[in-house]
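Q: Now for the letters of each chain:
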Amino acid sequence: MPSVTIAELARRVGGTITGDVAGATRTVTACNTLMEATPEQVSLLHNAKYAKELETTRAGCVIVAPGGAAGVTRAQGMPPLTILESPNAYYAWQKTMLLLHGYHQHAPVPGGISPQAVVHPTARIGKNVQIHASAVIGENVEIGDNTYLYPHVTLMENVRIGSDTVLYPNVTVYWNCIVGNRCLINAGTVIGSDGFSYAQADGIHHKMPQTGNVTIEDDVEIGSNSIVERAALKTTTVGRGSKIGNCVVVGHNCIIGPGNLLISQVGIAGSTNTGKYVVMAGQVGVNGHLDIPDFVRIGAQAGVMVNPEPNTEIAGSPAMEATQAKRMVLNMMRLPELAKRVKELEKQVEKLSPKGGG
Amino acid sequence: MPSVTIAELARRVGGTITGDVAGATRTVTACNTLMEATPEQVSLLHNAKYAKELETTRAGCVIVAPGGAAGVTRAQGMPPLTILESPNAYYAWQKTMLLLHGYHQHAPVPGGISPQAVVHPTARIGKNVQIHASAVIGENVEIGDNTYLYPHVTLMENVRIGSDTVLYPNVTVYWNCIVGNRCLINAGTVIGSDGFSYAQADGIHHKMPQTGNVTIEDDVEIGSNSIVERAALKTTTVGRGSKIGNCVVVGHNCIIGPGNLLISQVGIAGSTNTGKYVVMAGQVGVNGHLDIPDFVRIGAQAGVMVNPEPNTEIAGSPAMEATQAKRMVLNMMRLPELAKRVKELEKQVEKLSPKGGG
Amino acid sequence: MPSVTIAELARRVGGTITGDVAGATRTVTACNTLMEATPEQVSLLHNAKYAKELETTRAGCVIVAPGGAAGVTRAQGMPPLTILESPNAYYAWQKTMLLLHGYHQHAPVPGGISPQAVVHPTARIGKNVQIHASAVIGENVEIGDNTYLYPHVTLMENVRIGSDTVLYPNVTVYWNCIVGNRCLINAGTVIGSDGFSYAQADGIHHKMPQTGNVTIEDDVEIGSNSIVERAALKTTTVGRGSKIGNCVVVGHNCIIGPGNLLISQVGIAGSTNTGKYVVMAGQVGVNGHLDIPDFVRIGAQAGVMVNPEPNTEIAGSPAMEATQAKRMVLNMMRLPELAKRVKELEKQVEKLSPKGGG
Numbered sequence: 000m001p002s003v004t005i006a007e008l009a010r011r012v013g014g015t016i017t018g019d020v021a022g023a024t025r026t027v028t029a030c031n032t033l034m035e036a037t038p039e040q041v042s043l044l045h046n047a048k049y050a051k052e053l054e055t056t057r058a059g060c061v062i063v064a065p066g067g068a069a070g071v072t073r074a075q076g077m078p079p080l081t082i083l084e085s086p087n088a089y090y091a092w093q094k095t096m097l098l099l100h101g102y103h104q105h106a107p108v109p110g111g112i113s114p115q116a117v118v119h120p121t122a123r124i125g126k127n128v129q130i131h132a133s134a135v136i137g138e139n140v141e142i143g144d145n146t147y148l149y150p151h152v153t154l155m156e157n158v159r160i161g162s163d164t165v166l167y168p169n170v171t172v173y174w175n176c177i178v179g180n181r182c183l184i185n186a187g188t189v190i191g192s193d194g195f196s197y198a199q200a201d202g203i204h205h206k207m208p209q210t211g212n213v214t215i216e217d218d219v220e221i222g223s224n225s226i227v228e229r230a231a232l233k234t235t236t237v238g239r240g241s242k243i244g245n246c247v248v249v250g251h252n253c254i255i256g257p258g259n260l261l262i263s264q265v266g267i268a269g270s271t272n273t274g275k276y277v278v279m280a281g282q283v284g285v286n287g288h289l290d291i292p293d294f295v296r297i298g299a300q301a302g303v304m305v306n307p308e309p310n311t312e313i314a315g316s317p318a319m320e321a322t323q324a325k326r327m328v329l330n331m332m333r334l335p336e337l338a339k340r341v342k343e344l345e346k347q348v349e350k351l352s353p354k355g356g357g
Numbered sequence: 000m001p002s003v004t005i006a007e008l009a010r011r012v013g014g015t016i017t018g019d020v021a022g023a024t025r026t027v028t029a030c031n032t033l034m035e036a037t038p039e040q041v042s043l044l045h046n047a048k049y050a051k052e053l054e055t056t057r058a059g060c061v062i063v064a065p066g067g068a069a070g071v072t073r074a075q076g077m078p079p080l081t082i083l084e085s086p087n088a089y090y091a092w093q094k095t096m097l098l099l100h101g102y103h104q105h106a107p108v109p110g111g112i113s114p115q116a117v118v119h120p121t122a123r124i125g126k127n128v129q130i131h132a133s134a135v136i137g138e139n140v141e142i143g144d145n146t147y148l149y150p151h152v153t154l155m156e157n158v159r160i161g162s163d164t165v166l167y168p169n170v171t172v173y174w175n176c177i178v179g180n181r182c183l184i185n186a187g188t189v190i191g192s193d194g195f196s197y198a199q200a201d202g203i204h205h206k207m208p209q210t211g212n213v214t215i216e217d218d219v220e221i222g223s224n225s226i227v228e229r230a231a232l233k234t235t236t237v238g239r240g241s242k243i244g245n246c247v248v249v250g251h252n253c254i255i256g257p258g259n260l261l262i263s264q265v266g267i268a269g270s271t272n273t274g275k276y277v278v279m280a281g282q283v284g285v286n287g288h289l290d291i292p293d294f295v296r297i298g299a300q301a302g303v304m305v306n307p308e309p310n311t312e313i314a315g316s317p318a319m320e321a322t323q324a325k326r327m328v329l330n331m332m333r334l335p336e337l338a339k340r341v342k343e344l345e346k347q348v349e350k351l352s353p354k355g356g357g
Numbered sequence: 000m001p002s003v004t005i006a007e008l009a010r011r012v013g014g015t016i017t018g019d020v021a022g023a024t025r026t027v028t029a030c031n032t033l034m035e036a037t038p039e040q041v042s043l044l045h046n047a048k049y050a051k052e053l054e055t056t057r058a059g060c061v062i063v064a065p066g067g068a069a070g071v072t073r074a075q076g077m078p079p080l081t082i083l084e085s086p087n088a089y090y091a092w093q094k095t096m097l098l099l100h101g102y103h104q105h106a107p108v109p110g111g112i113s114p115q116a117v118v119h120p121t122a123r124i125g126k127n128v129q130i131h132a133s134a135v136i137g138e139n140v141e142i143g144d145n146t147y148l149y150p151h152v153t154l155m156e157n158v159r160i161g162s163d164t165v166l167y168p169n170v171t172v173y174w175n176c177i178v179g180n181r182c183l184i185n186a187g188t189v190i191g192s193d194g195f196s197y198a199q200a201d202g203i204h205h206k207m208p209q210t211g212n213v214t215i216e217d218d219v220e221i222g223s224n225s226i227v228e229r230a231a232l233k234t235t236t237v238g239r240g241s242k243i244g245n246c247v248v249v250g251h252n253c254i255i256g257p258g259n260l261l262i263s264q265v266g267i268a269g270s271t272n273t274g275k276y277v278v279m280a281g282q283v284g285v286n287g288h289l290d291i292p293d294f295v296r297i298g299a300q301a302g303v304m305v306n307p308e309p310n311t312e313i314a315g316s317p318a319m320e321a322t323q324a325k326r327m328v329l330n331m332m333r334l335p336e337l338a339k340r341v342k343e344l345e346k347q348v349e350k351l352s353p354k355g356g357g
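Residue numbers (numbering that gives the first Met the number 0), protein chains in the order written: chain Y, 0 to 357; chain B, 0 to 357; chain W, 0 to 357.
Chain Y with its partners taken away, still in its complex shape (with noise of 0.2 Å):
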């Protein structure tokens, strides 16, 4: 079990002790919650909810955003507590999860490739890969070093998957598709079905063909049961360092920018494209042929439905900016207020009318 002094922990993740200094001398072995954390563990405070938790946790050390434990006085018999105070407490408190936890270690699967995982065999396989029972392999599929493929993965012709990437159980490729390096994708979710198309003639629907495919670039997380549609021509792409939630759905021809945070139930029209570093809190739905640009913030269940501009916060359905969708909404919740005050104004003017014999 690593462990390491709280003196030594500010130097490695950035920031400077405060409150009880003397005690940074102390070794920390893992992470924990502030009402749960002993004298051994590191506790972070994220959220202003919780800073009365800072008056009683026994945590040997607290992460805070810089002046974050200001003004906290310990509950009475509770000893001084040790503060790491990190200008990016969050980032902090990720290294220091990383240097006491770190990330889950894959079980290895004995002879890299099961004897039951069923493989073409034109796939050209990387070093290092490992594969589950289960997992079926195509023709003509690429896959880079040291990727690792959980059991039930089906990768279909001429995919290419990149190295140092997981594919969890279910996780489907459909032909064509290009997956890069360093992703992860969840289990279940879906790279390249076909996109929701049809032309309707004679009551029919008919469905176009889906020609083209989907590219994730790399360092792309995706989270459980999500799909990406296969484009109808060229490529439907999400772009490097995204991170996408569970049940999401990105439509065909979409091109999501690099750094985007698409949280769960996340659903995206086909033909829309989005800039660098935009975010879609819970439930967003967003029309077709769209343009979001760089840094829009789109608040939880927001419809959007006309482009917005660079680096706001939208939010609503239809989605408009965000302080204006607030003022909206404390503006209807006084509805009837507003109702009764024309009705009375209503009254008045009436007994002031020449009619009315005011």
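None of these hints come from the bench; they were simulated from the model.
Misleading hints may appear alongside valid ones.
No copy is singled out in the list; a pair is fine if it fits within one copy or between any two copies.
Below, simulated EDC-like cross-link-like pairs (lysine to aspartate or glutamate); rule was C-alpha separation at most 16 Å, straight line [as the list claims (entries may be wrong)]: (1) K206 to E141; (2) K48 to D290; (3) K346 to D201; (4) K233 to E35; (5) K206 to D217; (6) K206 to E138; (7) K275 to D201; (8) K126 to D217; (9) K275 to D217; (10) K206 to D290.
With chain Y held as given, fit chains B and W onto it using these hints.
A: This is chains B and W only, laid out in the frame that chain Y set:
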């Protein structure tokens, strides 16, 4: 085929016979809808929308709530109706369905464990466990008695599954997660994939290790293609007897209380807790770090941003008390009229004001 | 590689040549976007948003709606454009795509049925059926001619699959369910898991037996990770020629009519029926026990609580007639201004009133 007299049925499921009481000596053998039931079949009036069907149904017996058949006049030529009044008519119907039809009996797997299943030699398998072809069971997995695993189930290392539980095809349980006794988890559902959690620094989303797990308590049922994310620390929990629909996402570190009903496509962000018997209708979204108290009912498509009061009904996005939400919608629908009234007032006041020459 | 003269293409897909008519003797070999097409390629103007690209496209021929290229001035130095006007341009494009590209040809499975597929000896398999490794076919299953099953498909006992149907990886069809001819069901979709139905008594949600099944009629296409729940009684039905997107949930006992389009992430609660050619845009939610009549179109994210009129367009949550919904949104956006006007009126009336000294 089981059969029972209507009188005996009333005794078994709890209820009293009214209407054609003499008819209670007849025998029924199956359940059916009001419109299609024959005299040998039982039916249910569950939704007032279908009350008119009591006039013409040919069912041998209809289960209704107390007084539910009051005022019904049978159509000309139709024999009188035997009514089974029960204080909990839907539960009486459930017991009738169980008595006459029962639950599905899963097809026995010859030999119990298919030779095409892949079971790690360290796995501890209980008595009468059945495991289909192509299920993959990892190191140190523990499975209780009478549990049934369909094809393409993946249980990663150290997973514990209780007794009398059914995992349908393509269910994936990630390492270290726990599923209780008498659970039903439907096809494609994923237990324990990583929570969506990144620390942003230098334009990169740094993945937070998710070192916790998931605990699914006893008697939980989960639909198809849903996801329960593993905790960053500790355990994401679905409480005893809770029932979850399809394509539902439960975020990391949530604690879902006992007896909750989460209908299809609900999404709950991370670290939110719910009390007991919370009900969320379809497509509800709940923000992270909230506490949803006991007995709260949340209307379809609601977006919950703040903690509701216990035992309230909330609706809307953003969600508010349901009667307030309804009033607000009504006022919104009258907005065009209100705007007209304000315009009319402006005209009248203009006339009344000195400059207006009134 | 297929090729065709533009003149011949116009004859085959239905349309007339305008613009550079002489150019119709040239040959085209593929389809491409307006911006990337070469003189040997055909393109489509489908969305007015892209009309400006007609000025610079190098496509050999562009398919447009009648008059769709009127008023286009080609950029300096660009040769005149050969236009194929078609009354149903999108259908003409679909036929062009089919002619020049065709649908994907599924990789043949050597021997038809993989020796690593698991097929119950009682299953009745048609001619030219192909079954991949790790598909599992249960007792008494029936599969029609030319049907193609990808890896990890599970067909439980008594399932019937028609002819010329494709089931992609990880599709699960529960016992007794029926899938028609010429259907396409994409990866991870689940047909026939239990409806969400419990009778609450004594603090326990008692599971209602779901004794019915699902019928998917001919020519239905379903996206990835969708769910059609089995009926409590009788059969949940998806009508002939209907097309369903990804992560869609169709509740138990629903009867979806023919020719419906249900876009991704739609959720329909139990016992709701739809007429023919109903369209639901993304993330629509529909309450249970409703009747959605023929030709109704429902806007994205709408929440349908009551039965709409036939052949109407509805939108909003709660859903109302679309033009009313639009007007309401406009009025909501003007609410802050309306509130100001009411405040101003109150001031003026205060001045005018006797006490106010007016």
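Q: None of the hints should be skipped; say for each whether it holds.
A: Hint by hint, here is what the structure shows:
Taking the closest pair of Cα atoms, K206 and E141 never come within 16 Å of each other, the shortest separation being 30 Å inside a single copy and 26 Å across copies. Proximity of K48 to D290 under the C-alpha cut-off of 16 Å is restricted to the inter-copy arrangement: shortest distance 12 Å between copies versus 36 Å within a copy. Taking CA atoms no more than 16 Å apart as the test, K346 paired with D201 passes in neither setting, with 59 Å inside one copy and 54 Å between copies. Within a single copy, K233 and E35 get their C-alpha atoms only as close as 52 Å, which misses the 16 Å cut-off; across copies the closest is 10 Å, which meets it.
For a Cα distance limit of 16 Å, the shortest separation of K206 from D217 across copies, 14 Å, qualifies, whereas the shortest one inside one copy, 32 Å, does not. In this assembly of identical chains, K206 and E138 lie within 16 Å of each other by CA distance neither inside one copy nor across copies; the values are 26 Å within and 33 Å between. When the C-alpha separation of K275 and D201 is checked against a cutoff of 16 Å, the pair qualifies only between copies, where the shortest distance is 14 Å, while the shortest distance within a copy is 43 Å. Within a single copy, K126 and D217 get their C-alpha atoms no closer than 19 Å, and across copies no closer than 43 Å, so neither meets the 16 Å cut-off.
In this assembly of identical chains, the alpha carbons of K275 and D217 lie at most 16 Å apart only when taken from the same copy (15 Å versus 43 Å across copies). Neither within a single protomer nor between protomers do K206 and D290 lie at most 16 Å apart by alpha-carbon distance, with minima of 26 Å and 27 Å respectively.
In terms of the numbered hints stated before, the structure departs from hints 1, 3, 6, 8 and 10, listed from lowest to highest.
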